[in-house]
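Engineer: Here are the chains, one letter per residue:
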Amino acid sequence: MFTQHPEASNVQHEGEESHHISAPTGEHEGETGGNLFTELLHHVYDAHELELPFVGHVDLPYVIYDGGTAHVYKNSEVMREEGTFTIQNEKIIRASDHQKPSLDLSITKHVVFLWVAAVILIVLAITAARKNLRRKVPRGVGNLVEMFVVFVRDEIVVPNMGPTGVKYMPYLLTTFFFILVMNLAGLVPYGSTATGNVSVTGGLALIAFIMIQFSAIRAQGLGHYLHHLTGGVHWALWPIMVPIEILGLFTKPFALMIRLFANMIGGHIVIVSLIGLIFIFKSYIIAAGPVLFVLGISMLELFVAFLQAYIFTMLTSLFMGLGMQVAHEEGEGHGH
Amino acid sequence: MLDPNPGLIIWTIITFLLLMVILKKFAWKPLLESLQRREESVRNAIERAEQAKNEAERLLEENRKQLERAEAEGHRMLTESRQLAEKLKDEIIEKANRQTRAMLDQAKQEIDRDKEAALAQLRGEVANLAIQAASKILDETLDESRHRKIVDSYLKQLPKN
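Protein sequence lines correspond, in order, to chains A and B.
For the first sequence, my numbering begins at 1 and goes up steadily by one.
For the second sequence, my numbering begins at 1 and goes up steadily by one.
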């Protein structure tokens, strides 16, 4: 994708969602930079196609749920020919009234990478578990996975949630490994970072939100949990306090969502911008600089991939732990 | 970039929940179990090693004490036997000395007695010889009894030995 001149890529992408990138041929040289950047930036966005080595572009199916029925199309051309839906400004709309369909469940690039990460993780973790059950001293994959498991347990769960937090280990371990594998998938050629999509991190944050509330209610009981929402102030202040407390519940997972998403997409945008310099200057000599920078940024991204998986898991665990500990501090009054 | 796609959120949640269910059953439980079991066995092994170490230390201490006792005993026995030997030696030497002295005394007495006897005999013999020689020279000028008197008085003047 990088190697194609915008005009050339236009030909190849014809009829795809990228058709908006450039107006019909015959642009000025000066506009190429902007268009190129937009084009390159699409690399980090979700898409309805996969890029595979040797195969090239592979169409991913459109799955649209609208008006009580599910519509499945092999690709955008088939969808347009069928006529129920069409694409405008990259959005799927009903051809009849130009409104958004009720739900777009298309198997996009990021959905595929969610699944790729899930499959990698299942294979990795189950292999590790099997091997560790057989061997007394773990080696290789078993040792690697166990190292992270022990890290999550001893450095994240137990310090933040106490020994009772161990029962939430399966959730936190899945969060950590899933995010980690998705983060790392973006560093592999032809790979893509699903966690660089705000919807994916939003989904993870939504689960984190539910888990935080669930663990708090389970530890304190529903009565205490609701009582805690009042902040322990005089009842006359409840109309102010309760909305603030409820808002507070949402800000934590919201921050989780934005943090992970921004960290993961940020590095990619920097890399894309640096690579873009080569094409803007159209010079091999200038390539040395960006390539060196990209190398550095890639190493940083490798670190960030681990760091963000750790931070997301650690903060989720911390928020769960806070909710669980409130029950013990109830006697000393409320506090934050 | 920032507008969420509900479909993708749903896919994320579905994928995550399925993943969690699968991993919980087939990966995390066995992993945590084997981990716990291993930690347990390590803890036990350390405890056992600690016990074994304590036991070994105890045995060592006991051995050391026993050795000390044995050494003291040996030392004592050695001293005792040395004293006994010393005493015996002294006794034997004393006895030997005593015996020697007794034998020596006896021998001396015997020698004295023999000498006494020999001297007496010798005296008689000498007197006879002298009488015989004198009678021969004087040709019986004096009778034998007078001669004997003279010789005897002479002999008495001689020193005892």
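Don't take each hint at face value.
Calculated lysine-lysine pairs in the DSS-like style (CA-CA distance at most 25 Å, straight line) [stated by the list, open to error]:
| no. | chain 1 | residue 1 | chain 2 | residue 2 |
| --- | --- | --- | --- | --- |
| 1 | B | LYS29 | A | LYS131 |
| 2 | B | LYS24 | A | LYS167 |
| 3 | A | LYS100 | A | LYS74 |
| 4 | B | LYS65 | A | LYS136 |
| 5 | B | LYS149 | B | LYS136 |
| 6 | B | LYS115 | B | LYS156 |
| 7 | A | LYS131 | A | LYS109 |
| 8 | B | LYS65 | B | LYS53 |
| 9 | A | LYS91 | A | LYS74 |
| 10 | B | LYS29 | A | LYS167 |
| 11 | A | LYS136 | B | LYS29 |
| 12 | B | LYS95 | A | LYS167 |
| 13 | A | LYS252 | A | LYS167 |
| 14 | B | LYS108 | A | LYS131 |
| 15 | A | LYS74 | A | LYS131 |
| 16 | B | LYS115 | B | LYS95 |
| 17 | B | LYS115 | B | LYS136 |
| 18 | A | LYS131 | B | LYS136 |
| 19 | B | LYS25 | A | LYS136 |
| 20 | A | LYS91 | A | LYS109 |
I should point out that these hints are in silico values taken from the structure, not numbers from a laboratory.
Engineer: Would you mind marking each hint as holding or not holding in the structure?
Structural biologist: Evaluation of the provided hints:
Taking the CA atoms of LYS29 of chain B and LYS131 of chain A, the gap is about 13 Å. The hint holds against a cut of 25 Å. Distance restraint check for LYS24 of chain B and LYS167 of chain A: the Cα-Cα separation of roughly 11 Å lies within the 25 Å cut-off, and the hinted pair is therefore satisfied. Proximity of LYS100 of chain A to LYS74 of chain A is assessed by CA-CA distance (about 20 Å); at most 25 Å being required, the pair is judged to hold. In summary, the hint linking LYS65 of chain B to LYS136 of chain A is not supported, as the alpha carbons are separated by about 42 Å, beyond the 25 Å threshold.
Pair hint LYS149 of chain B plus LYS136 of chain B holds up; C-alpha atoms about 17 Å apart against a cutoff of 25 Å. Taking the CA atoms of LYS115 of chain B and LYS156 of chain B, the gap is near 18 Å; set against the 25 Å cutoff, the hint holds. For a cut-off of 25 Å, the pair hint linking LYS131 of chain A to LYS109 of chain A is broken: about 33 Å separates their Cα positions. Proposed proximity of LYS65 of chain B and LYS53 of chain B is supported: the alpha carbons are some 18 Å apart, at most 25 Å.
Restraint check: the Cα-Cα separation between LYS91 of chain A and LYS74 of chain A comes to about 17 Å, which is no more than 25 Å; the hinted pair holds. A C-alpha spacing of about 11 Å is found between LYS29 of chain B and LYS167 of chain A, which places the hinted pair at or below 25 Å, so the restraint holds. Using a Cα cut-off of 25 Å, the hinted pair LYS136 of chain A and LYS29 of chain B holds, with the two alpha carbons roughly 17 Å apart. Among the hinted pairs, LYS95 of chain B with LYS167 of chain A is inconsistent with the structure: their alpha-carbon atoms are about 98 Å apart, more than 25 Å.
For the suggested pair LYS252 of chain A and LYS167 of chain A, the alpha carbons sit about 22 Å apart, so the restraint of at most 25 Å is met. Under the criterion of a C-alpha separation no larger than 25 Å, the hint pairing LYS108 of chain B with LYS131 of chain A is inconsistent with the structure, at around 110 Å. For the hint linking LYS74 of chain A to LYS131 of chain A, the alpha-carbon distance of about 41 Å lies beyond 25 Å, and the restraint is violated. For the proposed pair LYS115 of chain B and LYS95 of chain B, the alpha carbon gap of about 30 Å is over 25 Å, so the pair is violated.
Taking the CA atoms of LYS115 of chain B and LYS136 of chain B, the gap is about 31 Å. The hint is violated against a cut of 25 Å. Under the criterion of a C-alpha separation no larger than 25 Å, the hint pairing LYS131 of chain A with LYS136 of chain B is inconsistent with the structure, at around 147 Å. The suggested pairing of LYS25 of chain B with LYS136 of chain A holds, with an alpha-carbon distance near 21 Å, which does not exceed 25 Å. Taken as a hint, the LYS91 of chain A and LYS109 of chain A pair is honoured in the structure, with Cα atoms around 16 Å apart against an allowance of 25 Å.
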